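Trainee: Could you put together the complete structure from these sequences and hints?
Number of protein chains: 2
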Amino acid sequence: MGRSADYSRQRDASAACLDIIGEPWTLLIIRDAFRGLTRFEQWQDSLGLARNVLAARLKHLVANGIFETRLYCERPQRHEYLLTEKGRALRGILLHMVDWGQTYVYQDEKPLIEGFHSCGNRIKPVIYCAHCEQQMLPGDIERHRNPEAKSIAELAKQAMAAE
Amino acid sequence: MGRSADYSRQRDASAACLDIIGEPWTLLIIRDAFRGLTRFEQWQDSLGLARNVLAARLKHLVANGIFETRLYCERPQRHEYLLTEKGRALRGILLHMVDWGQTYVYQDEKPLIEGFHSCGNRIKPVIYCAHCEQQMLPGDIERHRNPEAKSIAELAKQAMAAE
Numbered sequence: 028m029g030r031s032a033d034y035s036r037q038r039d040a041s042a043a044c045l046d047i048i049g050e051p052w053t054l055l056i057i058r059d060a061f062r063g064l065t066r067f068e069q070w071q072d073s074l075g076l077a078r079n080v081l082a083a084r085l086k087h088l089v090a091n092g093i094f095e096t097r098l099y100c101e102r103p104q105r106h107e108y109l110l111t112e113k114g115r116a117l118r119g120i121l122l123h124m125v126d127w128g129q130t131y132v133y134q135d136e137k138p139l140i141e142g143f144h145s146c147g148n149r150i151k152p153v154i155y156c157a158h159c160e161q162q163m164l165p166g167d168i169e170r171h172r173n174p175e176a177k178s179i180a181e182l183a184k185q186a187m188a189a190e
Numbered sequence: 028m029g030r031s032a033d034y035s036r037q038r039d040a041s042a043a044c045l046d047i048i049g050e051p052w053t054l055l056i057i058r059d060a061f062r063g064l065t066r067f068e069q070w071q072d073s074l075g076l077a078r079n080v081l082a083a084r085l086k087h088l089v090a091n092g093i094f095e096t097r098l099y100c101e102r103p104q105r106h107e108y109l110l111t112e113k114g115r116a117l118r119g120i121l122l123h124m125v126d127w128g129q130t131y132v133y134q135d136e137k138p139l140i141e142g143f144h145s146c147g148n149r150i151k152p153v154i155y156c157a158h159c160e161q162q163m164l165p166g167d168i169e170r171h172r173n174p175e176a177k178s179i180a181e182l183a184k185q186a187m188a189a190e
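Chains as they are written, first to last, in this note's numbering: chain A, 28 to 190; chain B, 28 to 190.
Source of the hints: derived by calculation from the structure; they are not laboratory data. All figures in this text were calculated on a predicted structure; none of them were measured in a lab. Hints may contain errors.
Treat identical chains as interchangeable: a pair holds within one or across any two.
To be verified - Simulated crosslink set (BS3-like; lysine-lysine; CA at most 27 Å straight-line):
#	residue 1	residue 2
1	K137	K177
2	K113	K151
3	K137	K113
Mentor: Okay, structure coming up:
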């Protein structure tokens with residue numbers, strides 16, 4: 028399975044994220060993991076994806092530390108896939124995707140699985156700053172430019188050398 | 028430019044979001060729009076993308092109401108691309124991607140453009156519920172299943188018929 032985009036020359040944190048989770052279907056595999064799926068066949072049922080594509084996506088996500096594997100059957104040997112802390116940290120992206128798809132595509136219609144906060148209302152996330160605990164409004168972001176920043180490929184090389 | 032994944036049979040709000048913004052490079056085009064880019068050549072400089080790919084992505088984003096176009100030059104006729112309200116609502120996804128890429132890939136390194144909240148700290152989003160104003164923790168989500176839910180393709184057909 029070839030990559031569908033080469034982000035390795037980008038020098039950006041959001042591109043570094045997409046480089047790992049930007050392949051087609053990957054975010055839906057991770058969404059299903061948040062909903063409790065752990066096994067190859069469960070994802071096949073949920074997504075209707077070709078076996079080779081699903082296998083390539085899972086392999087890539089394990090290699091990048093999003094999933095860890097656990098043996099659940101000795102004969103034949105079968106592994107299940109569990110979100111790591113790094114994988115669970117993708118939750119904010121997915122909550123915002125659900126909210127956006129509900130608001131702008133599903134609108135008054137119900138999707139197959141609908142998420143509610145424990146207060147009883149539909150998922151409607153609002154972003155606060157972890158540091159000052161104030162809401163982060165669009166005008167509140169300042170940007171610094173670091174011309175000497177490393178590319179994603181350079182970071183990967185550096186990480187390999189450190190191992 | 029063919030689509031890289033067909034999500035039309037999915038019946039999910041997050042898949043409906045990916046169906047519009049899941050193509051390779053699309054989220055980086057939108058990221059750049061949040062940083063003030065509005066013109067074709069600016070995106071080419073920023074992303075180093077083939078002209079036909081960039082043109083296809085922009086066309087798709089205009090067709091789906093993420094960008095609106097504005098004429099800025101009469102001869103030759105040139106349009107710029109501005110985020111709509113629907114496009115600006117993708118901000119939460121991008122803020123979480125930036126934070127994730129910084130935390131797990133860039134770590135102590137600086138990316139080319141680094142975002143800070145106006146309180147002076149690096150972007151570190153925390154999700155609160157818009158309704159009850161409490162933080163949304165992982166255990167706080169409840170899911171309802173709607174077996175009669177429509178697929179993304181059915182919703183699109185319905186929207187076309189209503190026009």
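Trainee: Okay, which hints does this one fail, numbers in order?
Mentor: none
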